[in-house]
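Keeping their order, the protein sequence lines are chains A and B.
For the first sequence, full-length UniProt numbering gives the first residue as 1, with consecutive numbering after it.
For the second sequence, full-length UniProt numbering gives the first residue as 1, with consecutive numbering after it.
It should be emphasised that the hints constitute simulated quantities derived from the structure, not laboratory data.
To give a feel for the contact side, a few chain A residues facing chain B, derived at Cβ under 8 Å:
id: 1; residue: Q9
id: 2; residue: F12
id: 3; residue: L13
id: 4; residue: D17
id: 5; residue: S21
id: 6; residue: S41
id: 7; residue: Y47
id: 8; residue: I65
id: 9; residue: E147
id: 10; residue: K177
Stretch-level coverage of chain A by chain B, calculated; a stretch enters the list once three of its residues show a Cβ under 8 Å from a Cβ in chain B:
id: 11; segment: 29 to 37
id: 12; segment: 48 to 61
id: 13; segment: 178 to 188
One-sided and incomplete, this derived list gives chain A residues near chain B with beta-carbon spacing under 8 Å:
id: 14; residue: T2
id: 15; residue: Q3
id: 16; residue: I6
id: 17; residue: L10
id: 18; residue: T14
id: 19; residue: A16
id: 20; residue: K20
id: 21; residue: W42
id: 22; residue: H43
id: 23; residue: Q66
id: 24; residue: L69
id: 25; residue: Q111
Everything numeric in this text was worked out from a predicted model, so none of it was measured.
We treat Cβ as the ideally placed atom computed from N, Cα and C, and that holds for glycine.
Protein chains: 2
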Amino acid sequence: MTQDRISAQLAFLTEADRLKSIQRATTLCDASRRENSAEHSWHIALYALTLAEHAERPVNIGRVIQMILLHDIVEIDAGDAPIHGGPDPAIQAIKEQKAADRIFGILPADQRDHYRALWEEFEAAETDDAIFAKSIDRVQPLIANLETGGGSWIEYDVTAQQLETRVGVKVRRGAPKVWQALKQRIDTWFAENRG
Amino acid sequence: MTQDRISAQLAFLTEADRLKSIQRATTLCDASRRENSAEHSWHIALYALTLAEHAERPVNIGRVIQMILLHDIVEIDAGDAPIHGGPDPAIQAIKEQKAADRIFGILPADQRDHYRALWEEFEAAETDDAIFAKSIDRVQPLIANLETGGGSWIEYDVTAQQLETRVGVKVRRGAPKVWQALKQRIDTWFAENRG
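With the rest of the complex left out, here is chain A (with noise of 0.2 Å):
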């Protein structure tokens, strides 16, 4: 029973590797070549672990990074959804629904049923500890692209109120004092190229 378990736990672990060949948006911050999820997620986590203090509601760090350790891995099946110039989210959802049923399905039952509630939870960006997740998720690629010179938001052509409408309003519901330490750069930035 156990190995057969672990066989169950090992195929999904292989199967996650995949994770690594998604390619984002966004590029590392000395621009050498487009970020992939896998990596951004190793990223994200240790921005949560290093900013927990500053979420606006207190969360639990470790579900915290439960969250977001697995908060892609439906990409594996669905491709990545970039902030700007993304897809149809309706059409996103559905294909996220059916990576998360093929991908967390060859897990055991209990830690399917686990993993799948994690992810949901972070998707729905209802509670306390998504909440936070979310805005890590959206200040991480923010801060590549200020190292850059624009990054994505050259690329999409991104305006000041799209920034505030797809980024500004969620970091600072989950961390307001995380987008006011870098508030002046994005308004810099925006005065120079959108002004």
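Given chain A's structure and the hints, the job is docking chain B onto it.
Chain B alone, transformed into the frame defined by chain A:
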């Protein structure tokens, strides 16, 4: 004060981005390219979460995952030391201590000390949490080698005895049931390729 603290934390997180450019000896499971240390860190965090129930002794999975998120950051300065064919361990250890001074030193002092202590605990591999984290760090590249028909075992001409000393002992120490689940595939590969 808070804004200075966040600035230091964001500077550390931006520096950490460079881990995505540190290449490891191991390739992805589809052999398409070498793995980098950032995506490896995500993958073994997911391994640890998924396989924690098979730890030889009870672990605090939150602490294990924190160690894993931090365990390779020193490679930004010191480079990756492959399991097979790596540099002199004593020289590498000095490089890694210097790297830890610089990189964790970007953080506010309390967080610098906390992360440094977690990294030192991982390196020492004496606590139950660190023993399990180390065993998982050895399992993931082993599976990548099995998936790619040999991988770095071929490149570094690894014998069954070397695998036992460098990998087997460490995996069994923290997660013997996981080793048991892989043993037949490993024995078959070495019988067919090193017989």
